[in-house]
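Protein chains: 4
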Amino acid sequence: MGWKGLCREENPAAATDFRLCDRRASRDARVNLVLGIMSHAKPRPFTIDELRAYLIEIFPELWKRGDFRIEDLAPMAATLRLVHHPRHLRYGGTIAGPAMFALCDVALYVAILGELGRVAHAVTTNVSINFLRKPAPADLIGKARLIKLGKRLAVGEVALYSEGESDMVAHATGTYSIPARGDEPN
Amino acid sequence: MGWKGLCREENPAAATDFRLCDRRASRDARVNLVLGIMSHAKPRPFTIDELRAYLIEIFPELWKRGDFRIEDLAPMAATLRLVHHPRHLRYGGTIAGPAMFALCDVALYVAILGELGRVAHAVTTNVSINFLRKPAPADLIGKARLIKLGKRLAVGEVALYSEGESDMVAHATGTYSIPARGDEPN
Amino acid sequence: MGWKGLCREENPAAATDFRLCDRRASRDARVNLVLGIMSHAKPRPFTIDELRAYLIEIFPELWKRGDFRIEDLAPMAATLRLVHHPRHLRYGGTIAGPAMFALCDVALYVAILGELGRVAHAVTTNVSINFLRKPAPADLIGKARLIKLGKRLAVGEVALYSEGESDMVAHATGTYSIPARGDEPN
Amino acid sequence: MGWKGLCREENPAAATDFRLCDRRASRDARVNLVLGIMSHAKPRPFTIDELRAYLIEIFPELWKRGDFRIEDLAPMAATLRLVHHPRHLRYGGTIAGPAMFALCDVALYVAILGELGRVAHAVTTNVSINFLRKPAPADLIGKARLIKLGKRLAVGEVALYSEGESDMVAHATGTYSIPARGDEPN
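Protein chains in written order, with the numbering used here: chain A, 4 to 189; chain B, 4 to 189; chain C, 4 to 189; chain D, 4 to 189.
Keep in mind the hints are simulated off the structure, nothing from the lab.
It is possible that some hints are incorrect.
If several chains are the same, the list does not tell them apart, and a pair holds so long as it fits within one copy or across any two.
[Unchecked claim] Pairs of lysine to aspartate or glutamate residues, derived as EDC-like cross-links and limited to a Cα-Cα distance of at most 20 Å, are as follows:
hint, residue 1, residue 2
1, 67, 166
2, 154, 170
3, 137, 166
4, 67, 118
5, 137, 64
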């Protein structure tokens, strides 16, 4: 169990960290796991399993293949895995830029759905991605967190790692347009 | 007499319109194919056919499949086609973001190879892409031009269009690190 | 007859060159200044002088100082000048990044106002800027054009030049949120 | 024993949370201030005071005015303050985009100097900035951390906050070209 905030619980020094907002969100999430039962706190739109089922429903080609897997879902955050496959490789045995881009986009999209639920078809409007290091020929882990969730726009950042490595291999920020109900986004 | 300076030398007015130079560059490229023979202009590193063969040699998986095609090659510029295929589709019948990202990246990469020849393995360091409109379920055309070609970094922009349409569907800028010979880029 | 569609309507070939449309747009703008009177074309929201007055009204500190000047206004496009001043300099005698950023932002903002008129308070949501070359210690010219003008988002690109030079010194793309009337943007 | 590797060496679990490493880095920095004396750890190029003096030496106009202040310096990280001043305001009482851009650029630049010392004149090559919320009319705090420090390129991200607030008001990523000694960067 635990919402990602767990490791921070064990590290009270985290308060000095500039990611204050997330930390609070994580703590609130834990509080809500308890309070939710008693006080009818606002429920999360999806469990991980429900979100997995929803993604297969709306993007069957992408999600049935099993390349992408949701590893974790937390308030304003999601962790995704891109399963290593020769199809994602390019020259020199590293993972292609488009596959890394896809992981960033998917991770941010999942984080948004995790907040907004099934009514929202967010549309990517901008992604800026920095490729930092050659990824290892291994699974890629994408850790996304939202830094803004407005009525019309959501903005988030993603860090990519080769599994088992601690050096970031790519970093992206993305903006998503959130359509009003019944509205065409843009 | 170099290729890069040509459009400015012949068109002093070009300085007053930043989009003029490119257009002329394409025309000049054709003129120079003729003039080059007579006036000993600096030769281009590749003809289109040579560049196609080189890409199949270095990225066989990507280029043998035939998804991407070089439509045009000009000084500091390249036009690429992404052949329409259900594999690139997503929810709603439009072309997936990663496929559009790939077309941008490939088009800029080809434009750089078109200038630097086979010695250069440019590495993408940053791409910022704006998704502007839903692309039609048709071939996508990517028009790349380089706006800087330095010793260490190349920067370019790409505009994507659905074939036969005049509204831009996406726009990207990209930065590439150009390794010194025998050097690891970064 | 609208302004925006004009260059495409009259120039079907424009679809084959994404930079053609802008160039024509500038010429068409001049033609339409004449034709507009005779053919009841949809009027532009502002003349240059009206837009100058509006900017002084809404941003007096910025526009009274005279650092920025509107050089040209055309459909989906604007050209701005940043007057050279030691205040914009930094180490080595070149123009500071923030001053170049400001010119990009202002040029895109002016291009949007030129389309939408005085009702619109567009808000910058994202700017991605590439610094390409050291600018000369001279006026900087920023040529902005919009590549999307949706109901909620406008996207444009800007190229910066040192006056009298033909090499681009910086290039930016920007996204602006357009509030509905009476609405808080974002 | 180097500084950069420290948090990973001592915390193998760091790979599971991409925000863990930074936090520890700050704490480790304090620990190392003590340990460094005893264990001959590689010295940092600058203390905060030395870096302040160096910045006044190389950019006197910018740093003598006192608008920017270094709040904290840590391995791969720096915290800067932009002192609130009406000069940074724009329409509606909020802080202008160019002032926020400047704070991002300065914070990343300081973080790089904090690693590389006085030999390095890093040059900004790309900044992508997302404006998330209206800043309060108060000091702005910029928290920068480097996510890559290569031989030729450094990449970092910055989060901006209004003093005393926990919601991020802007976020930027930036790339810097690091010249070889005696070399012209680009």
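Hints violated by the structure (numbers, ascending): Of the numbered hints, 1, 4 do not hold.
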